[in-house]
Amino acid sequence: MKITLTGITKSFGEKKVILTTSLTIESGSFTTLLGPSGCGKTTLLRMIAGLETPDTGEICFDDRVVFSSERKINVPPEKRGLWFVFQDFALWPHMIVFENVAFGLRAAHNTKNLDDKVRNALHAVQLDEFASRFPHQLSGGQQQRVAFARAIVIEPQCILFDEPLSALDALLYEEMRVELKELISRLGITSIFVTHDQAEAMSMSDKIAVLNGGTVEQYASPENIYSSPETQFVSGKGSRFTELKLRTPAKILGWAYIAVVLLLSVGIPYFSVISTSLIDLRSYGFRPGNFTFQHYIDLFTENEKGIRALGNSLIFAVSAATICAVLGTLIVIAVRKSAQSWEKWWRSSGFCRKCSRGSSS
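Residue numbers (the working numbering): -5 to 355.
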């Protein structure tokens, strides 16, 4: 099922939670709404479900209008053909697993072939042997699988997930993240997933909508979010990145150093070629995978206080002077190779941004 949002807005009192938002979610895709607490992602999900009413705009499921402020259409949640998976598993403690999964079918009076449908759903989440157990007899991961089975048994056109994995411990979380993605891909159900976890969004999604302050700053594939962020806020959502903020004092000193080294090393013609592509640059970022300091590691290790271990990686705190020195040396190497090669590296390995929404000048 294709879901189209056009001009959606939502306010609670005087607080604008969702600014004018338009979004198209393709049929069968796994789309993630990613953003910090209070950005409006859960509100947007609830409006799609019909649990919140937008102030303005239109929501369509394929060619069917389920909400329109202009045409006074608002289809109730139970008639939208969706299923909502909450952060809380919301299992009935007095019902066995089989009855928990069958609950949605019974509520909809859809009892034809009920046994087969429930057992097929349990098989899909690998809980065939647990049909007669009660929720308290299951692990957290097994309870989450029951919640997934209850969602897919009614064969919804779309499943909405509101941070369903956040209550799990670290090891179980990783396992369920893989299982959920495989399950949804196998079933081909349109899915919308809300999370604040960048790794979760990047690893599971076909497309990601990055929300900030009630608006979608970028809607793209994980690859594009990572390599071509459109704003400074989005650039921090792909993964850890290094950003060079060229404020006035550092800009003058840094580029002065680079200019001197370039002039002494390769001459004025090369410098002219390079500088024209960097005019009016406000901010430049690059991912760690695109940049290595193999020959300059001693510059960073002189001050041990600037090194901090983080799992399987190290974080280096360095001075602006060191950055300028390393960049200057790297630029000389690149320019000697050719001005064209340098510009290609600069443009392909990082992302440049002038002032734009979500970025700082």
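There may be inaccurate statements among the hints.
Stated by the list, open to error - Computed cross-link-like contacts, DSSO-like style, restricted to lysine-lysine with a CA-CA straight-line distance of at most 27 Å: (1) Lys73 - Lys106; (2) Lys106 - Lys66; (3) Lys(-4) - Lys111; (4) Lys10 - Lys175; (5) Lys201 - Lys175; (6) Lys175 - Lys111; (7) Lys73 - Lys(-4); (8) Lys66 - Lys10; (9) Lys111 - Lys9; (10) Lys10 - Lys201; (11) Lys111 - Lys66; (12) Lys(-4) - Lys201.
Unchecked claim - DEER-style ranges, computed between Cβ atoms: (13) Ala101 - Lys10: 29 to 37 Å; (14) Gln151 - Asp122: 20 to 28 Å; (15) His190 - Ala84: 14 to 22 Å; (16) Lys66 - Glu8: 18 to 26 Å; (17) Asp191 - Pro70: 45 to 53 Å; (18) Ala161 - Arg127: 18 to 26 Å; (19) Ala161 - Asp57: 20 to 28 Å.
None of these hints come from the bench; they were simulated from the model.
Glycine included, each C-beta is placed from N, C-alpha and C at the ideal position.
How the hints compare with the structure:
As the CA atoms of lysine 73 and lysine 106 are separated by approximately 19 Å, the hinted pair is consistent with the 27 Å bound. The straight-line distance between the Cα atoms of lysine 106 and lysine 66 is roughly 35 Å, outside the 27 Å bound, and the hint therefore fails. For a cut-off of 27 Å, the pair hint linking lysine -4 to lysine 111 stands: about 25 Å separates their Cα positions. A hinted pair counts as satisfied when its Cα atoms are at most 27 Å apart, and lysine 10 with lysine 175 does not qualify at roughly 33 Å.
A hinted pair counts as satisfied when its Cα atoms are at most 27 Å apart, and lysine 201 with lysine 175 qualifies at roughly 13 Å. Between lysine 175 and lysine 111 the CA atoms are separated by roughly 21 Å; this keeps the pair inside 27 Å, and the hint holds. Between lysine 73 and lysine -4 the alpha-carbon distance is near 16 Å, which keeps this suggested pair within the 27 Å criterion. Restraint check for lysine 66 and lysine 10: satisfied, since their Cα atoms lie roughly 21 Å apart, inside the 27 Å limit.
Of the supplied pair hints, the one linking lysine 111 and lysine 9 is violated, its CA atoms being roughly 44 Å apart against a limit of 27 Å. The hinted pair formed by lysine 10 and lysine 201 meets the criterion: a straight-line CA distance of about 25 Å does not exceed 27 Å. Using a Cα cut-off of 27 Å, the hinted pair lysine 111 and lysine 66 is violated, with the two alpha carbons roughly 37 Å apart. Among the hinted pairs, lysine -4 with lysine 201 is consistent with the structure: their alpha-carbon atoms are about 14 Å apart, no more than 27 Å.
Here the CB-CB span from alanine 101 to lysine 10 is close to 36 Å, well matched to the stated 29 to 37 Å. For glutamine 151 and aspartate 122, the Cβ-Cβ distance of about 26 Å falls inside the hinted range of 20 to 28 Å, so the restraint holds. Checking the proposed 14 to 22 Å range against histidine 190 and alanine 84 shows it holds: the Cβ atoms sit about 21 Å from each other. The hinted window of 18 to 26 Å between lysine 66 and glutamate 8 holds, with their beta carbons roughly 24 Å apart.
Here the CB-CB span from aspartate 191 to proline 70 is close to 31 Å, at odds with the stated 45 to 53 Å. Checked against the hint of 18 to 26 Å, the C-beta distance between alanine 161 and arginine 127 comes to roughly 20 Å, which is consistent with it. For the hinted restraint 20 to 28 Å between alanine 161 and aspartate 57, the CB-CB distance of approximately 37 Å leaves it violated.
When each numbered hint is compared with the structure, violations occur for hints 2, 4, 9, 11, 17, 19.
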